[in-house]
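Taken in sequence, the protein lines are chains A and B. So for the first sequence, our numbering puts the first residue at 69; every next one is plus one. So for the second sequence, our numbering puts the first residue at 46; every next one is plus one.
Think of the hints as simulated: they come from the structure by calculation, not from any bench. Note that CB positions come from ideal geometry on N, CA and C, so glycine has one too. Wrong hints could be hidden among the right ones.
Unchecked claim - Which chain A residues face chain B? A few, computed with CB under 8 Å, are given here: (1) Q273; (2) L397; (3) P442.
What the hints assert, rightly or not - Simulated DEER-style distance windows between Cβ atoms: (4) L76(B) / S540(A): 24 to 30 Å; (5) P122(A) / A61(B): 47 to 53 Å; (6) P173(A) / Q91(B): 17 to 23 Å; (7) D361(A) / V69(B): 50 to 56 Å; (8) D361(A) / A61(B): 32 to 38 Å.
What the hints assert, rightly or not - To list a few chain A residues with every Cβ distance to chain B over 10 Å, as calculated: (9) S140; (10) K269; (11) N331; (12) M467; (13) A522; (14) T535.
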Amino acid sequence: MSRVLARAVVLLVFVAACSNGSNTSSNQSFSGTTIRVVTFTGPQIAEPLQRRAPDFEKATGAKVQIITVPFSDLYQKLLTDFATKTNSYDATVFDPQWMGDYVPPGYLEDLTDRVKNDSALQWNDIAPFFRDFSATFKGKVYTIPLDGDFQMVYYRKDLLQKDGLQPPATWDDYISIAQHFQGKDLNGDGKPDYGSCLAMKRSAQSYWAWISIAAAYLQSQGTKQGAFFNTDNMQPLTNNPAAAAALTVYKTLSKIGPPEQLNQDVGDSRGLFVTGRCALSLDWGDIGPLAVDKTQSTVQDKVGAIILPGSKKVLDRSSNQLVDCNATLCPYATNGVNHSPFAAFGGWSGAINKAASAKVKDAAFAFLSYMSQPAQSSVDVTIGKTGFNPYRTSHFNNMGPWTASGMSETAANDYLGAIKSSLQSPNMVLDLRIPQTAFYQQTALDTALAQFLAGEISLTQCMTQITNQWNSKTEEIGRASQLDAYRSSLSITK
Amino acid sequence: MRLTRRDRLFLFAPLAFLLAGWLVLPALLGLLATFSTYSPFATSVQFSGLANYAAVVRDPLFVAAARNVAVFTLVAVPLELVIGFSVAYMLRRPFQGRAALRVLLLLPWLVSPIASGVMWHFLFGGATGIVDFVLGWLGRPDMPSPLGDLRLALLAVIAVEVWRMAPFVTFLLLPSLASIPTERWEEATLSGASWTGRVRHVAIPAVRPLLLTITMLLTGLSLGTFDAVLILTGGGPGTATVTPALYSYNRAFGVNDWPVGATSGWLIAAAVLGAGLIYVRLSRTKVAD
């Protein structure tokens, strides 16, 4: 009897193995099909695609060409290719913020039915925010998430514990902890170090840091409320007491950190943090794997991560005042603190060119699905050089790849705990995804913030400048169409 | 052998072909774009007259960029000329290893501005830089990077440009200074000319046409300063180091505002053209003299 049982088990294992094999549309079903996938030069993002393409090719017979272009050229190359119907690329792994420019003209393939019918993709394993908002535009799925980008706060666990301090729950806490450590020697080299290290360089990633701060004051009623514009009339939310509070925090932090902070990008702030020179930092998930990298980190097992600090006061949009949180205004608050984790940038995602041939689209979808499936992605998100951060529930539950990557179980729990609490928040802020997002953020917002930090303009002038420039761009493109795009990005259907 | 007009045309034809296809035509298309709403992705293009020019010159950011590049050019070009000339003057007499030194002088110029921008970003860095290292070695406190200081950022960018170009000026001037006959130096010395007199009456007259050409070259390069600034500061802090070329790049490639990007690009071209016209005029004056 036991032999029969053993045979049955072997048979089941064999069947299971065969069904796993079908995750990549086995049987050489795409033999003779070439998929041209364009992404940025990397090495991040391109690396996992290039590394995994041969396995996919072996399993499916498809040929995958990974074409890389500099990040600054990627948006233009894609738009030119789509608009001129050149169609040199069948699929792309791109910044989903560009969906606002690519989806309305019909350049991207609607993937709604494909994701529903692909059991190997395990769509429901992808965190709800990335599934329902980040990958979706006007209720339809256009991308497959490959990366979970959002910002959080990192802190030196050892320092805070030693001084009896709790990790910051609010931005006021963040400032007081930063002030507490500013000028103290934090890494034992005899030199004064910094309370907080942030990226504040112009034409870099700084505006995302300000939005991470502002989000706590601006959005309290869930992702659909939006943090950039009023969803009824497309009026910018950049000239009100909430924006002013966030600007004040941002300016204060510009003075509690390295003296050259105004010229530091994330590369600089990460370098300072992992060499033990900062007590606090605000960043994407990248610091987690960097902090355990023995070749560059001096703070292994000394780093904690938490959801972005929040605020006890939020913007009441009916009165345009900053008011104390209550159950109505802040339904998702924790201990009276409204947290609004910010999916800055949104995470690299895969999409398919609608103009590609049917067979190529099938093959491209199979490849993107293969990259996202837990078997591949749960390993990729633990490798720093991939640039991929966790975005699936299984990425938190399966600790094996994390400990295998060199992270101690405590560090992994800290890091993943922060990501998990951010991902599970129904109040996650979706980054802006409307036509000409680049102008709104990289030009108007970035310039005004840089001028404000440098003291070239006052707080009031800063808010007025951003608001005026955003309004003029909205008028130029069309307020109604921009409102429709903004509401679509937030999946507001009524 | 004297070249005929036909010979000259024949020799010039390959260059003309290359320039027409890869410089003149794109530049003219860019010029047309400045009077329109052209964009590679636009479904229709409309004539917009001088609206793009009005938008650019009214933009406070472009005004700041124009101010910065004026300061940059007025400070950097004379410094590059003075330092370059001074070093060339000191190296004019033959000595062993001069040829090798002359090649070394080219190195900063040969390094791409992007690479030198990355290098100087770290050299200036408060935590990682050579300045900080030297100060620490001397027992002095840390000095923050000037690139993060509103008052010093533009000067730091100018310093990097001078570091890159002054040796190149030396490289270009050295052969002319070295070729001045020894008798002329002796003559000046015997007639009681001071050091400055020898520079004014012997050295400068010998290199004046070349000096004029180099000035023109440096002015043109300064007016189009872009890559080093992009890497060093991104135009910040605030608007302290933004230049018209960076403005043009950001508008065209950052936010796809092609007409405004092309317009600001053509305004830079007009400024370079103005400098070129002054050069031609000065050259002719010299020839007439």
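Of the hints given before, which are not true for this structure?
-> 1, 2, 3, 8, 9, 10, 11, 13
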